[in-house]
Amino acid sequence: MSRAVDLLIVGAGPAGMSAALRACRLGLSVLVVDDQPAPGGQIWRAVETRACTRTGQLLGEEYTAGLQLARAFHESGALYEPRTQVWQIEPGWQVFMSRDQQAQCVQAANVVLATGAQERPAPFPGWTLPGVLPVGAAQILLKTAREIPKGPVWVAGSGPLVLLYMVQLLRAGGTIAGWLDTAPSGGWSRALPHLAAAMRAWKDILKGVRWMRELRRAGFPIVRGVTQLRGEGSDRLEHVVYRTADGQSQRVAVDLLLVHEGVVPSIHMTQALGCAHEWRADQRCLAPSVDEWGQTSKPGIFVAGDGAGIGGARAACTRGELAAVGAALRAGKLNEDEARRIASPLRRTLADQLSIRPMLDALYPPRAELFEPVDETVVCRCEELTAGQIRAAARIGQPGPNQIKAFTRAGMGPCQGRQCGYTVAHILAGAHGKGVEQIGFYRIRPPLKPLTLGELASLDTGGDT
Amino acid sequence: MFRKLHDPGEKALDLTVTIDGQAVSAEPGESVAAVLLRLDSPISRTTPVNGSPRTPYCMMGVCFECLANVDGMASVQTCLVPVRDGMRITRQHGRRVLAVTPRDETAGDVSVSSGGSRQGVSQ
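From first to last, the protein sequence lines stand for chains A and B.
Each residue of the first sequence is one higher than the one before, starting from 1 at the first, in the numbering used here.
Each residue of the second sequence is one higher than the one before, starting from 466 at the first, in the numbering used here.
None of these hints come from the bench; they were simulated from the model.
Cβ atoms here follow ideal geometry from the backbone N, Cα and C, with glycine treated the same way.
Incorrect hints may appear among the rest.
Claimed, not checked - Sample of chain B residues at the chain A side, in silico, Cβ under 7 Å: (1) F467; (2) R468; (3) G494; (4) V514; (5) N515; (6) T520; (7) C523; (8) M524; (9) G526; (10) L545; (11) P547.
Start from the sequences and build out the full structure, keeping to the hints where you can.
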């Protein structure tokens, strides 16, 4: 027999935990499932273990701030099931999930998807070589395993996470060999129109300025306007080749290269559910279309946090609370007036928390080459297909992403297009002379994560099928 | 590629796992993928298509580069699995093969995946 809850929350990061707290207070029965072993999401990974240690201190107050919420979350009354992967959601809403190879289905009147974001895939020739990792992955290693790069590390990319990680790494005693800043030049002239609005978040701007000062003081080379990044090596990364802003080609010996080009919402679940999505030109990604409560085009399916568009951890907390209020309204625990009364201060807070975002988006757009990679670049890491192969397939009768999948197997590997979806869409847009927003995305099908037959067979369907 | 940060206040590396039969020390709470990245060979698997070596990559469960065999189970996302004392990890090479007998622990588990993953298909 399947269990039933008023609200099922997928993800125990800032949005998920905040939604759980608020929903419990509003009298909903709440189940929170998360694929990690502990609450915190990516930003606060392992925060309960690390916050009070030296590693926690060097990660900074933004990180340790998560401890309070994680503790409150445990006390909230919400049922919490870690190491649980959701692999299918069916109308009703029936949420199928697995934990320890045991599958189950939970009946939920409302669902909040708080699945956050992933790092934007940043393909370049050689990015599949051992020795290339995303900056976010390196930061997760610091949080969860107190690991830092063994030797001097090269960093290529741009954005707040790059600056923050480099600062954290220096504080941890690590060494940076150099930073290849890939942000297109002219950042401040792009950002200027958004500066006045962003001043509401002046503390965050000041923090960024301090990080930059700390990085300059460390004295490692900072190369601006880097393009044409390429990793070389046979079985592992040995050299990185790049072009400087003045057109010079450089080649350096590199053991470990950390890359980052921003983050994008996790959209696999909302795509699989058939929720309406919109192309976010400002953040160059798809995001589910949501109403003022974070409810998608499917009644009862809410999205909170970075999964509804990148806004950062604090905004994710507020959006989690708003989604919980929306779910309580839908469940009849609140009337319209009560819901609005609770939501009104939350919305003001949210506006402040999001005020810096347009400036950050303008300052750190992903470099253009991600979307028009040279032919030899591996685009689909799972099926090892290159940009050249996708382009060749694109010449056969104007195919969309799903035809490309059928022609080439791109997006059919275990990651199910999480790494190649946007790149393939952009290559198709280029090939067909269309805007990427007209191209669409892979059709996402269940199971959302690979599932063994044993797991599937363990599902107790209650004898009704 | 990575090393442990020296921190006297932290837990000791008092767990032992084996990776391809070699005993390796690990810390409670860290993931199998984090242990792999400390080794001289940080490889988790070779790909089913071209046999190229891969290491754990995203560390958050979305890229599937860290797939390896854990305690007889194939294609485990090692970045999502915390180490346990005595855990047996083996790197995963190329395609999975269908288990010939149900009790054969060395063979991969059959996996269902939308779109027809190469896992679980013997060639």
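Hint check:
For B:F467, the interface hint holds, the least distance from its beta-carbon to any beta-carbon of chain A being 4 Å, beneath 7 Å. The closest approach between the C-beta of B:R468 and any C-beta of chain A is roughly 5 Å, which is under the 7 Å cut-off, so the hint is satisfied. The restraint placing B:G494 at the interface with chain A holds, with a minimum CB-CB distance near 6 Å, inside the 7 Å limit. At a threshold of 7 Å, the smallest CB-CB gap from B:V514 to chain A is about 4 Å, leaving the interface hint in force.
About 5 Å separates the beta-carbon of B:N515 from the nearest beta-carbon of chain A, less than 7 Å, and the hint is met. At a threshold of 7 Å, the smallest CB-CB gap from B:T520 to chain A is about 4 Å, leaving the interface hint in force. Nearest Cβ of chain A to the Cβ of B:C523: about 6 Å, under the 7 Å cut. The hint holds. For B:M524, the suggested interface contact is upheld, since its CB lies about 4 Å from the closest CB of chain A, less than 7 Å.
A distance limit of 7 Å between C-beta atoms decides the matter here; for B:G526 the minimum to chain A is near 6 Å, and the interface restraint holds. With 7 Å as the threshold, the beta carbon of B:L545 comes within range of chain A, its nearest partner Cβ sitting at about 6 Å, so the hint holds. Because the beta carbon of B:P547 sits about 5 Å from the nearest beta carbon in chain A, less than 7 Å, this interface hint is met.
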